[in-house]
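Novice: Work out the full structure: start from the sequences and follow the hints.
Each protein sequence line maps, in turn, to chains A and B.
The first sequence begins at 1 in UniProt numbering and counts up by one.
The second sequence begins at 1 in UniProt numbering and counts up by one.
Hint data in this document are derived by calculation from the structure and do not stem from the laboratory.
Heads up, a few of these hints could be off.
Label-pair ranges, simulated between beta-carbon atoms [unchecked claim]:
(1) A:P185 - B:T69: 17 to 27 Å
(2) A:K5 - B:T69: 20 to 30 Å
(3) A:G123 - B:G70: 35 to 45 Å
Derived, one-sided and incomplete: chain B residues facing chain A with beta-carbon distance under 10 Å [unchecked claim]:
(4) V138
(5) V154
(6) A176
Built from N, CA and C at the ideal position, the CB exists for glycine as well.
Number of protein chains: 2
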Amino acid sequence: MAPRKGQEIFSATLALLAEKGYEGLTVEGVAERSGVNKTTIYRWWPSKAALLAAALAESEVLALDPPDTGSLRGDLESLVAQIAALLTRPPAADVAVAALGAAVHHPELAEVARRFFADRLAGEKRVFERAGRRGELVDGADPMLVMDLLAGAVWLRTVFRGLPLGEDFAAEAVRAVLDGTARRPAEPA
Amino acid sequence: MAPRKGQEIFSATLALLAEKGYEGLTVEGVAERSGVNKTTIYRWWPSKAALLAAALAESEVLALDPPDTGSLRGDLESLVAQIAALLTRPPAADVAVAALGAAVHHPELAEVARRFFADRLAGEKRVFERAGRRGELVDGADPMLVMDLLAGAVWLRTVFRGLPLGEDFAAEAVRAVLDGTARRPAEPA
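Specialist: See the structure below:
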């Protein structure tokens, strides 16, 4: 739920976060940039942490488009490519990296990050439910683990290593997690 | 290379980083806490970024013990468990999370993070070289990708989701990456 001009408020919130960091984010600043009365914003969100949580969850800037390509491999490659775009292409990248970086430093944002990733996983689980119905997953495969491996690899490679993702990154990461990287014992001929 | 009392300087650097963040880290503070003259510290490291890079690379607090268990699976499980401990057990966790979080916000630390992960990978590659000689890896398996998947998953689960790692996390994450999570086509009987 959001007031009229919700997207303007969310965009202003994320833009200020990216420009000034969480320390520099204020409800006053959001009001000024979005042209919405400060009192209105406070009526909906009692704190800047609550406002940021809503913006991360509902802004179109960070929206993922849950894929349905017909195969688990295709869906996961699409998700990895979307996560990669979020973390590397402005303006989403500036926002996503600033927000997640801030979550590390500000205990009151830990809950915001948790909720953000829980929301994402709820959408991603549909990919795994369809894959399960198609018999594409081994028994006991854990969607959260698969997403942590894939999304974590994108974060580590782009943000911490500061390396570009090669064109084949999504396909190779998904191949590793779906097909494994260990050589199988030779099958009897 | 480091002056006498190098470990004291590194410990003081990392402790101050964890307590006060990168903004609050100063060479003066490190000198005071380690009992080493400020001029000596500056002679070795011209900036606090350089000092932090050296501390991350050489402090015993963050040291990984390159495993050699006799199998790729055992070595990777040991590495995941060590990375998990680094990111969840104080005092290493406070330092590691503060340092990596700071790298997101401070462009001059991006190079520090890059070097830290490159150093780690150089050590981890020995695990993959031995695995290659034992024939445990599929052709073309990429050590950096495997480590990004595994270390990235630990980061995402513990720092961003704020969830504890179950007892089986290392074994399950390694199983996913080595054996895959996709069901294989039934083999002809």
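Novice: Can the suggested window of 20 to 30 Å be confirmed for the beta-carbon pair K5 (chain A) and T69 (chain B)?
Specialist: violated (58 Å)
Novice: Identify whether the interface hint at V138 (chain B) stands, where standing means a beta carbon of chain A within less than 10 Å of its own.
Specialist: holds (5 Å)
Novice: Minimum Cβ distance from V154 (chain B) to chain A below 10 Å?
Specialist: holds (7 Å)
Novice: Go through the hint on A176 (chain B) and say holds or violated, using the shortest Cβ distance to chain A against 10 Å.
Specialist: Holds - the Cβ of A176 (chain B) comes within 10 Å of chain A, reaching about 6 Å at its closest.
Novice: Cβ-Cβ distance between P185 (chain A) and T69 (chain B): within 17 to 27 Å?
Specialist: At roughly 19 Å between Cβ atoms, T69 (chain B) and P185 (chain A) fall inside 17 to 27 Å, so the hint holds.
Novice: Range hint 35 to 45 Å: satisfied by the CB atoms of G123 (chain A) and G70 (chain B)?
Specialist: holds (42 Å)
Violated hint for the displayed structure: number 2, the only one.
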